[in-house]
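**Student:** Quick note, the sequences are listed as chains A and B, same order. Numbering follows the numbering used here, in which position 49 of the first sequence is assigned residue number 49; successive positions increment by one, without gaps. Numbering follows the numbering used here, in which position 41 of the second sequence is assigned residue number 41; successive positions increment by one, without gaps.
Treat the hints as calculated values from the structure; they're not laboratory data. Cβ atoms here follow ideal geometry from the backbone N, Cα and C, with glycine treated the same way. Don't take every hint at face value.
Stated by the list, open to error - On the chain A side, residues computed to face chain B include the following (Cβ under 10 Å):
hint: 1; residue: 137
hint: 2; residue: 140
hint: 3; residue: 142
hint: 4; residue: 173
hint: 5; residue: 232
hint: 6; residue: 235
hint: 7; residue: 238
hint: 8; residue: 241
hint: 9; residue: 244
hint: 10; residue: 245
hint: 11; residue: 249
hint: 12; residue: 253
hint: 13; residue: 368
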Amino acid sequence: MDEGLLRALVPQVVTALLRRGADFAAAEDAVQEALIDALRTWPGSPPRNPRAWLTTAAVHRLTDAVRSDAARRNREERVDDEPEPGPTEQADDTLLLLFLCASPELSPASAVALTLRAVAGLTTRQVADAFLVPEGTMAQRISRAKAALRDRRLDAPADVAVVLHVLHLAYATGHVSDDQLAREAIRLTRQLVLASSEPEVRGLLALMLLHHARHRARVVDGRVVPLDEQDRMRWDHAQIAEGVAILQGALAAGRRGRFQVEAAIAALHDDAATAAETDWPQVLAWYDELVGLTRDAVRDDPAAVLSRAVAVGHVLGASAGLLEVERVEPVLRDRWKVLAVQAYLLRMAGDLPEAAAAYARAAERCPSTLERDHLVRQAALVRAAGSTGRVNDR
Amino acid sequence: MPKYLLLKHYRGGPELPTPVPPMPEWDPADIEAHLAFLGHVNDLLKENGEYVDAQGLSMDQEWIRYGGPGAAPVRSDGPHPETGDLVAGWYAIDVDSYERAVELAAYVSSEPGPGGKPLYEWIQIRQIMEAPPSYAE
Numbered sequence: 001m002d003e004g005l006l007r008a009l010v011p012q013v014v015t016a017l018l019r020r021g022a023d024f025a026a027a028e029d030a031v032q033e034a035l036i037d038a039l040r041t042w043p044g045s046p047p048r049n050p051r052a053w054l055t056t057a058a059v060h061r062l063t064d065a066v067r068s069d070a071a072r073r074n075r076e077e078r079v080d081d082e083p084e085p086g087p088t089e090q091a092d093d094t095l096l097l098l099f100l101c102a103s104p105e106l107s108p109a110s111a112v113a114l115t116l117r118a119v120a121g122l123t124t125r126q127v128a129d130a131f132l133v134p135e136g137t138m139a140q141r142i143s144r145a146k147a148a149l150r151d152r153r154l155d156a157p158a159d160v161a162v163v164l165h166v167l168h169l170a171y172a173t174g175h176v177s178d179d180q181l182a183r184e185a186i187r188l189t190r191q192l193v194l195a196s197s198e199p200e201v202r203g204l205l206a207l208m209l210l211h212h213a214r215h216r217a218r219v220v221d222g223r224v225v226p227l228d229e230q231d232r233m234r235w236d237h238a239q240i241a242e243g244v245a246i247l248q249g250a251l252a253a254g255r256r257g258r259f260q261v262e263a264a265i266a267a268l269h270d271d272a273a274t275a276a277e278t279d280w281p282q283v284l285a286w287y288d289e290l291v292g293l294t295r296d297a298v299r300d301d302p303a304a305v306l307s308r309a310v311a312v313g314h315v316l317g318a319s320a321g322l323l324e325v326e327r328v329e330p331v332l333r334d335r336w337k338v339l340a341v342q343a344y345l346l347r348m349a350g351d352l353p354e355a356a357a358a359y360a361r362a363a364e365r366c367p368s369t370l371e372r373d374h375l376v377r378q379a380a381l382v383r384a385a386g387s388t389g390r391v392n393d394r
Numbered sequence: 001m002p003k004y005l006l007l008k009h010y011r012g013g014p015e016l017p018t019p020v021p022p023m024p025e026w027d028p029a030d031i032e033a034h035l036a037f038l039g040h041v042n043d044l045l046k047e048n049g050e051y052v053d054a055q056g057l058s059m060d061q062e063w064i065r066y067g068g069p070g071a072a073p074v075r076s077d078g079p080h081p082e083t084g085d086l087v088a089g090w091y092a093i094d095v096d097s098y099e100r101a102v103e104l105a106a107y108v109s110s111e112p113g114p115g116g117k118p119l120y121e122w123i124q125i126r127q128i129m130e131a132p133p134s135y136a137e
């Protein structure tokens, strides 16, 4: 059974029920139940018309009425008669639901959970697994999110920036837990590109593709591999080419935003045949643009200032980079990230004992076991290199 | 979203603002009210979609270590068997932010003690580590 095809039908069927006057919360629940039925029964008896089957099953759940098989067949035939939606209608259905789910009234995490179920067509179990919480907790979170949206009108004006934020977060969540979510986020962003001409939508798609292209090289045998040590043969070069083409199209519109800028930085890394060939002056120029997008970057976007410090280190020297880190030190919540960048720059400066100490302190505060293990290894390698006078520790 | 353990202790941690006698010495109605509150926190977390797990631990504890090849495990009551830190149980939560975890910990600490007055119990917060690396490189 093609689960991807089934999932793609979910937003179409939800919007079909909405157009028949169903309420969003009820329609979305009905489609979720129909989806679970489909996952159970389709492998044994695949339907002739999957979309009609799913719509019928969802309508059946929605009305919650016991109907005779004859009546059900009758309905199925009626649904059958409806024309298959073209790509534009499908994209419009997805867009409508994305705008509904990515509402500023919801916390971003709730909006992501709801989007993954109602638009990406994942089951509650799959969403719960992605967030590493019990299924009941996720079911409750989604039903609360829908309750918060109860009075929202379908045609209420929506902000594409909120939708992009939610898709980006879904991608980042997928990246940390399960590649499937990252791929779903990419799929939904592709749909959004079909329905919106906003350059930032293309910027986000490009960023996802250019970042996801490196995912097979990023964690190897359960070990984190930093960008400068990754095996670039493991990168997906077709995906990089596609990302670069989409980014060029977005930049041509002349309205830059943060996703386009971040994608440009990712593209420069992807474009280097070796880490040593990275065009750091160009990377720094794009980081200058990134921090220029906020009025007071240290306060509004300290993560960008911290990432920029690495580029400053490569272009202007490690001590210049360390001065940049000092600017965000009082602001950044993630102390371990500050310490990890300091450690990287201290090692670049040749101050191995201080670098080892900073890696060790970063490890103590790091909330991810894989990343922590990486930092502990770095601390030990740099310490050993420092005591034997070796600088190379790869 | 980050996950945290809100740890309750039988003993250990900073001193309580107003010391309370051990639970077996409380009025039975106060014990019922206390236990009902703990169950209510469970329900609240589930209702909010923030629940991951909740467990209580018995007071029995022992330290065990490998005894070496062919030798029996080594057992100990610990360095301070009567006064050492002793965890009583936890709520594991999945929340939007650290600030939300602090808010929930303070709520747990408002649990009723003797005479129905808040216990002001110290709750220890620990972040649960997750295996995957973060998004940024």
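**Student:** All hints, please: hold or fail.
**Tutor:** Results of checking the hints against the structure:
1. 137: Holds, about 5 Å.
2. 140: Check passed: Cβ of residue 140 of chain A comes within 4 Å of chain B, closer than 10 Å.
3. 142: Holds, because the Cβ-Cβ distance from residue 142 of chain A to chain B comes to roughly 8 Å (cut-off 10 Å).
4. 173: For residue 173 of chain A, the interface hint holds, since the closest Cβ of chain B sits about 9 Å away, which is under 10 Å.
5. 232: 14 Å, violated
6. 235: Because about 13 Å separates residue 235 of chain A from the closest Cβ in chain B, which is outside the 10 Å limit, the hint is violated.
7. 238: 21 Å, violated
8. 241: 20 Å, violated
9. 244: Violated: closest Cβ of chain B sits about 18 Å from residue 244 of chain A, beyond 10 Å.
10. 245: The hint is violated - residue 245 of chain A has no Cβ within 10 Å of chain B, the shortest such distance being about 23 Å.
11. 249: 24 Å, violated
12. 253: Result: violated, 26 Å to nearest chain B Cβ.
13. 368: Status holds, d = 6 Å.
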